[in-house]
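Could you put the whole structure together from the sequences, leaning on the hints where they help?
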Amino acid sequence: MSKLPTTATAPSTPLTPEQVCDLPMGELLAQVNVALDTTEINEPGFFGYVTIQGSGRATIYLPSQASDLARDIATRFLITTRLGLPTDLFPDVLQATVIRDGEAQA
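With the numbering used here, you'll find the sequence shown wraps up at 125, consecutive numbering, no jumps.
Each hint should be verified, as a subset may be incorrect.
Okay, the calculated beta carbon distance ranges per label pair [unchecked claim]:
| id | residue 1 | residue 2 | range |
| --- | --- | --- | --- |
| 1 | P43 | A89 | 25 to 35 Å |
| 2 | V117 | S74 | 14 to 24 Å |
| 3 | P63 | P33 | 31 to 41 Å |
| 4 | E59 | T35 | 32 to 42 Å |
| 5 | G73 | D111 | 27 to 37 Å |
| 6 | G103 | A54 | 15 to 25 Å |
| 7 | D111 | D91 | 29 to 39 Å |
| 8 | D87 | V112 | 13 to 23 Å |
| 9 | A54 | I118 | 15 to 25 Å |
| 10 | Q114 | Q84 | 17 to 27 Å |
| 11 | P33 | E59 | 10 to 20 Å |
| 12 | N61 | P33 | 30 to 40 Å |
| 13 | D111 | E62 | 12 to 22 Å |
No wet-lab data here; the hints were simulated from the structure.
In this text the structure is predicted, and so the values were computed from the model without any measurement.
From the three backbone atoms N, C-alpha and C, an ideal C-beta is built for every residue, glycine too.
See the structure below:
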């Protein structure tokens with residue numbers, strides 16, 4: 020998966036969990052200043068992780084062998100988690116662990 024271009028601006032208005040789930044992916048990534056990439060971590064139960072640079076820009080890394088649907092859901096879940104929004108719209112199997120300094124892993 021290649022990195023998608025995003026803008027360097029933060030969302031002008033706070034997003035709701037419903038908006039994170041419903042916005043077209045490109046628009047969502049641009050609004051929250053997130054890029055996508057892949058990781059070769061393809062373990063069962065691992066959905067991806069997000070890193071946050073000092074500038075506030077984030078990159079979400081998703082398993083290279085995950086399906087498009089799994090990538091979509093994991094991306095939206097990690098964005099919801101990063102924004103500190105409730106995650107009750109997502110399956111209970113998705114859980115995030117904050118590793119350090121705002122990095123989250125699902």
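Worksheet item: Of the hints given before, which are not true for this structure?
Response: As far as the earlier hints go, 1, 7, 11 are violated by this structure, in ascending order.
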